[in-house]
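Start from the sequences, fold in the hints, and give me the full structure.
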Amino acid sequence: MYFENPVGRVLEHPAGFAVVLYHPGKRKLHHLQAFLTHTSQLMRVRNWNKMLGDQRLMAPFTDEESQWIVDYWLAPERQGRTIYGAVLLPNDVFARLSVNNIMHEAKAAALTYRMFDNEADALAWLVKQP
Numbered sequence: 044m045y046f047e048n049p050v051g052r053v054l055e056h057p058a059g060f061a062v063v064l065y066h067p068g069k070r071k072l073h074h075l076q077a078f079l080t081h082t083s084q085l086m087r088v089r090n091w092n093k094m095l096g097d098q099r100l101m102a103p104f105t106d107e108e109s110q111w112i113v114d115y116w117l118a119p120e121r122q123g124r125t126i127y128g129a130v131l132l133p134n135d136v137f138a139r140l141s142v143n144n145i146m147h148e149a150k151a152a153a154l155t156y157r158m159f160d161n162e163a164d165a166l167a168w169l170v171k172q173p
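Just so you know, we're using the numbering used here here: the sequence shown kicks off at 44 and counts up by one.
Source of the hints: derived by calculation from the structure; they are not laboratory data. Quick caveat, the model's predicted, so the values are computed rather than measured. Just so you know, nobody snuck in bad clues.
So the derived label-pair ranges between C-beta atoms look like this:
1. Arg157 to Asn134: 13 to 21 Å
2. Val136 to Lys171: 23 to 31 Å
3. Arg139 to Glu47: 22 to 30 Å
4. Pro173 to Asn48: 25 to 33 Å
Ideal placement from N, C-alpha and C gives every residue a C-beta, glycine not left out.
See the structure below:
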């Protein structure tokens, strides 16, 4: 484990990528900001460009969280390179909608992603990325 707070855990996968595991329940914006900032730091320190986002238990993003993710965390100038993300879709239908809205708004982001319903398929896709 690399980092944990009320939002979730950031783990280091032995295959060379970050695993972002969201906890269930509502979040505070500053906790989400710290969570994703630590994820970026891990990827930068390890020189990784891949991550597995496990959002299965995640609550929907608030409008404020969504805006921060699109405007700040996914901004191409912030990441500086293409990030490949395999996303395990949330079980909650409203959380799925909030994730889809973020991805739609962030088309110009530095994130190349694909959404999955199961972890095996997500991992198989992720390890094939450059």
